[in-house]
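Protein chains in written order, with this note's numbering: chain A, 256 to 715; chain B, 256 to 715; chain C, 256 to 715; chain D, 256 to 715.
Repeated chains share a single entry, so a pair holds when one copy, or any two copies, can fit it.
As a list, the in silico DSSO-like pairs of lysine-lysine whose alpha-carbon atoms are at most 30 Å apart: (1) Lys-265 <-> Lys-661; (2) Lys-661 <-> Lys-257; (3) Lys-265 <-> Lys-607; (4) Lys-297 <-> Lys-332; (5) Lys-297 <-> Lys-699; (6) Lys-647 <-> Lys-265; (7) Lys-647 <-> Lys-257; (8) Lys-332 <-> Lys-265; (9) Lys-647 <-> Lys-661; (10) Lys-297 <-> Lys-257; (11) Lys-607 <-> Lys-699.
Everything labelled a hint here was simulated from the structure, so no lab data went into it. All figures in this text were calculated on a predicted structure; none of them were measured in a lab.
Number of protein chains: 4
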Amino acid sequence: MKLWGGRFEKSTDELMEQFNASIGFDRRLYNADITGSVAYAKALAYAGLITEAERDTLIDGLAQVREEFAAGTFEIKAGDEDIHTAVERRLHEIVGDVAGKLHTGRSRNDQVATDVRLFLLDAIAEVNGHLRNLQAAIVAQAESHLDTLMPGYTHLQQAQPVLLSHWLMSYFWMLQRDRERLDGCAERTAVLPLGAGALAGNALGLDRARLAEELGFRDVTPNSIDTVSDRDFIAEFLFSASLIGVHISRLAEDLVLFSTDEFGFVQVDEAYATGSSLMPQKMNPDSLELARGKTGRLIGNLVGLLTTLKGLPSTYNKDLQEDKEPLFDSVDTLVITLPVVAGVVRTLRVNKTRMAHDLSDAILATDLADYLMRRGVPFRQAHGIIGRLVRKANASCIALSQLAVKDFQAEHAAFDSDVYEVFDFVRSVEAKDAVGGTAPAAVKTQIAEAQALLNAASDD
Amino acid sequence: MKLWGGRFEKSTDELMEQFNASIGFDRRLYNADITGSVAYAKALAYAGLITEAERDTLIDGLAQVREEFAAGTFEIKAGDEDIHTAVERRLHEIVGDVAGKLHTGRSRNDQVATDVRLFLLDAIAEVNGHLRNLQAAIVAQAESHLDTLMPGYTHLQQAQPVLLSHWLMSYFWMLQRDRERLDGCAERTAVLPLGAGALAGNALGLDRARLAEELGFRDVTPNSIDTVSDRDFIAEFLFSASLIGVHISRLAEDLVLFSTDEFGFVQVDEAYATGSSLMPQKMNPDSLELARGKTGRLIGNLVGLLTTLKGLPSTYNKDLQEDKEPLFDSVDTLVITLPVVAGVVRTLRVNKTRMAHDLSDAILATDLADYLMRRGVPFRQAHGIIGRLVRKANASCIALSQLAVKDFQAEHAAFDSDVYEVFDFVRSVEAKDAVGGTAPAAVKTQIAEAQALLNAASDD
Amino acid sequence: MKLWGGRFEKSTDELMEQFNASIGFDRRLYNADITGSVAYAKALAYAGLITEAERDTLIDGLAQVREEFAAGTFEIKAGDEDIHTAVERRLHEIVGDVAGKLHTGRSRNDQVATDVRLFLLDAIAEVNGHLRNLQAAIVAQAESHLDTLMPGYTHLQQAQPVLLSHWLMSYFWMLQRDRERLDGCAERTAVLPLGAGALAGNALGLDRARLAEELGFRDVTPNSIDTVSDRDFIAEFLFSASLIGVHISRLAEDLVLFSTDEFGFVQVDEAYATGSSLMPQKMNPDSLELARGKTGRLIGNLVGLLTTLKGLPSTYNKDLQEDKEPLFDSVDTLVITLPVVAGVVRTLRVNKTRMAHDLSDAILATDLADYLMRRGVPFRQAHGIIGRLVRKANASCIALSQLAVKDFQAEHAAFDSDVYEVFDFVRSVEAKDAVGGTAPAAVKTQIAEAQALLNAASDD
Amino acid sequence: MKLWGGRFEKSTDELMEQFNASIGFDRRLYNADITGSVAYAKALAYAGLITEAERDTLIDGLAQVREEFAAGTFEIKAGDEDIHTAVERRLHEIVGDVAGKLHTGRSRNDQVATDVRLFLLDAIAEVNGHLRNLQAAIVAQAESHLDTLMPGYTHLQQAQPVLLSHWLMSYFWMLQRDRERLDGCAERTAVLPLGAGALAGNALGLDRARLAEELGFRDVTPNSIDTVSDRDFIAEFLFSASLIGVHISRLAEDLVLFSTDEFGFVQVDEAYATGSSLMPQKMNPDSLELARGKTGRLIGNLVGLLTTLKGLPSTYNKDLQEDKEPLFDSVDTLVITLPVVAGVVRTLRVNKTRMAHDLSDAILATDLADYLMRRGVPFRQAHGIIGRLVRKANASCIALSQLAVKDFQAEHAAFDSDVYEVFDFVRSVEAKDAVGGTAPAAVKTQIAEAQALLNAASDD
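Taking the hints into account, I'd like the entire structure generated from these sequences.
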């Protein structure tokens, strides 16, 4: 069955039919599509366009279609070009000609926009849940490593000592911003398109506000022309997904590095590693590499949609059918990647000894500069002095703390024998106690704040 | 002057110096950089790390540097690798060694993040203003065309008649969503990085909350490691800019089409058109084509940054220096494109006659189906009937309204001689009176709502 | 069965298994995988690592596996994480422990690279064939419209008259360049990876040159480390596919415009159009819109892979598993899009009358300037003169040819009464007879050259 | 001066003028533009459209303009909207009205296409030279490290020992493919657009073949409509540049890792490193990080252009003006990045001891499996056995070579006391002697082949 054959003399080219069909991927919208149709049947009845009996017939028929889909018994037939056609065709088989009344004043243009928004609202909630679980895994690890020191890096060169907890928590906040962005996206998604018709609006006295309420939307769209071609909410989701991907790729990069033989800071649990078909000794952090690699497809999906949208004329054009596959793919990618990464974090084994051992004196050079600065040497001058001391120690192949007092004093008279007290990683960390710093106290505050956010979220 | 030479024995390769330098583009951050430094000087004094006299010396010196930049007399010197170095170097020339105290506990990592956020907050406000002006131009045109009919299209084929105002207003709402997204972006940008140091936080007892207030940020960042490599706010802006670009590209596409000889609906004012070096008759809508074309660079900038960020290890890596050029380019692109497009819209000449003349009877086919539906024919059946009538009229090369009553009745008995009343474009438009529809009343409501939003915005 | 379990104590997390598995999409490589394995078995025998009997057993077993795949009876089992595992597992079931000898010295790293290259070589040939068919459809239409005039546009404004054939042929050459690029890509793809092992090369005396010949590669890869992570050939294909997409999008854009009611130049055959579920009169060029829209996904696939590759450490990383889905998707997209577009071109109905009618006098303004130029007026001056005449005619609402001789002469004395001879569209077109111009003779030469290229190609 | 003002009554809006102008970036095309104009003057004379004296006047005048540009004395004036206008305006000032004859039959559409192709041909040659230099630096390092062992990685886990030379050479071949792609791009760029006019071709009897020869093009474009909007060659260059960027990003990633404290394999020369403004001990490989980061902009430029091109109607549209900035930026990015990276490679210090020390016994697990395989154990079974041995050794915290003979034999009877001979990294490497493997002999062959390619290239 086609929803539009009347004015056509010829049948569609076979390959064209396949090219045009979206049922292969949009069938997963069946639930949203039927939910929308049930609400629409109620609205038609409320507007007096169908009787209450017709409404009930339609709703019962739709319930049966939904059950068939849920049970996996729904059969796609030739000509079911999309989910809307398939549902209406089957409904007609079940309830007869009254099925033909359901589409009154409705176009697939406003219908599919409604379906996708309903789908996305569910998807955002699901992704948000997975983000929350990953955050919880991070917080749990962070809590158990409040006394684990590690080198902090910039440019991947040892910079200053930090707490492992602090490093872990840095990812919590990235994900928190992701969740905020998803919330904004959800708000812009929760606006009802139904009633926009093909492009010009509804002429049958439908109460769109009531429809919105029925379907759980917070408002109705304000302009029917905009409505039928607005895919901003999908683009926004794809962007948010891309940024989640970027964050995950950075976490994965860190963990892949940290689990090399050379760093040896952490070990990915065997449950999240795989081996080699050739090399018997291998245990590879595939989970993390895949998670990192999948950032590509998330960004690719975003670019694909933006490019498709660019330069389109007003209202609905068939190009817009290309919105769904990238959306589904990005949702699916996140829905599997996030729990895997959460699993990796939750089961991660940390080699505290190796981390502690890896810290070198030079990582405290800034603390040395601060030492001078507190003795009145302008920081910029102190920086130069310590730089030269680092060079001197390197040249003699000794650690900074192995320089003699006179070596220090040769560079500046303000040095005293208490300079050796600076060489204390714990003290260095504890000093960074401003908000957001790596001092244990500050990190505890961070964790407490994070837990409050997680608890608030789980109340949603 | 370098901020870091101490531990180096060799000088930098000349080409490397050029490769590494960002002063060529980050000098435009001078104002933000100095604003940040003034606040930092106050914070250092408040924390007792410098005296009030030193603070005042620094602030006065910085004021002079700012004036030199503003006056265009500031001279970039060899070795000024970035704006921070240039400012500190000059400050040192003016106030002497006390300049070396300004960088106490501060790293370029938290400094540049502060600068860029300050810059972006200003840029968002500016872009928002331009969006508002474009919206106002749209509303003004829409108000003056509340009785102008035009064909509404889907798939670029005539679909249903709409008001020109309604079409215009569709762009208002796209831009409104853009402004909402920018607001969200601004909120996430207005969080202070200063005090994060290189990556580990601040050890000098700085009051970050007070600094945030001083600089107009709504909060401080919660984790120093995240802080120094967080470029999410830039990516978010670049995405918002891309979507603005997509919207502008669609408006441009519509207007380029509408101003062809073949459509002839509108004419771009000569002030926004250009000619050909070869063909004397040409008057081309270059403004719109360029606006459409520039969407490419906006999307390219977004992709560039996301790709740069992907897979980076934790904290600051020099790759992040690549954040500024795409940001500046997208800001500059919007800041010139939006007012040009606003000018085009404001001065657009509309050919009402041509639009009205272009409407064909077939565009009322849906109204005919509604006619039948109201006489009890299920819509799906009515749709098929009208489709066949369209085909019949086409075959006879006559308009739909030129079919005889018996032709109508040959398809369905429900047709009556009052069917000809359907062929009334105004009536068709007036019927779409649900919220968001194209009926004049509904469009007036839309416009009123839009004006309320614009007025609210101008109160900001 | 896993190919690597030995050193693992724990089993893989269930979700991780699903995350890691590629069998869902790489099973379509079964044919290439088995072809590669057959050749590898021969190479092992040739190197004396297995007996000839073992080789034959392996080859027979592989033949059976291939048949099962071809017949659709091959059963994927739990643990078949990828096509290589699935084939080896099944081979083991068929031939027993000798199956375990097939992987000697081979890694999945060089194996999958071989598979994908074999797949891509076939895919390029297929895409090339579809490009050729589309080119042939273009040439066929071009041949039958050597006397059809149409307005040529720049900036979508009427510019100069051209032949419809000439416009059609412009797309021939874009596709010709696409084919050249694919040829270059195929050449770089036809280099054998097998024998690179996991990354270090082969230690078993395999004759790689012989293997290459056996499998139809033109050479062997020169460096094993590069070999196992080289995906350049895929990126190059995805780029070529993107540019094909861009070309198709432009053809689609032209045809969508030309088939509007307002242009009315062409009509897409009903077999490649679809209707509306709401509006009975609609016949939409969906085929073209979808073709245009799919350019987004082609570009998205390219971006996805480039982003995945960016910043990867040397040799194989699991991220590379993300290479196949974009490749498959771009191949599939082209393999369905190109024949549909060829069908549209082949069946396109052209409205010659409408095109001819649409030509306006002003489109000959350049010919008028040439008229003056030939009378000694420097072109730049002539351009200005004609520009003013166009303005004058517009102001009087008359055609350029309706200006009186004295009007012409008022602008320049060189005008004579023979100026009216310029107003001849055919003459204008015929004058553009330099190579590549729109004169019928030049276009015939073009078509002849195109046919020669097509004939040469079909001899391949 | 404008090249087109005649038919316009109003002047251009000021902001529009700025928006429209390309002189800010296309002035760097001055040399190509003048070269093209000189050739065009000759062609006009040859076709009898100007006298030989006029031709010489034009050529002399153009020579003067070129000198002014070269000397930096050329003054851009208000109204010089692009380089073509600026040159023609200045030429007019120098030679008077005869300047107005130069544009006869030429449009900026074919002119700019000619300019950009000339520019790109030069740019490709330059980039090719830089690639060659980088390749030479790689070969030089590779030659001096033919006996340096290092761990080879897959998944960043130690996999098999390789030669440092072999690892280095892997990048040689990536760049070699890049150069091949650039050659293909150059071939498709070297086709003359001049004579295509605005879109319809040339009506003045110009000899395009002669023009092509004059300007060093290998052929003329076959279709004028295609010619004026063909930007494929730019897209192809931008893609090639992106892939170069990807390769550089991978080299940079490796080197950044290898120069961490934890790997310690290499040290970037101080001339290519920079320090920290806060942390005195830092010496960061900024050169490599920036090189890696710039891959983003290269990919962004590609995406930007592809998006701009997507869906454009036929022939020239002003959107195409957006082609030049990404082209220039990608050229400039490569022209500075490649020599910096070559400098890094050339001056890289290698820590052979650290590399050798880093090799662990487990990296020879595959050699152990081969040991068993050569004793008749099917490889797959051998793989499992060695895997269990690795696990056993790990459990006892001993190296694989510290297992007793009976431990080996407990897993399989084929083990003998000669098993310890396997634990020889040099032997392992030497065994990989098939073409493309890491055996010193094979790597020497590689290097010889590479040098032959470099020598051939320098003969160009």
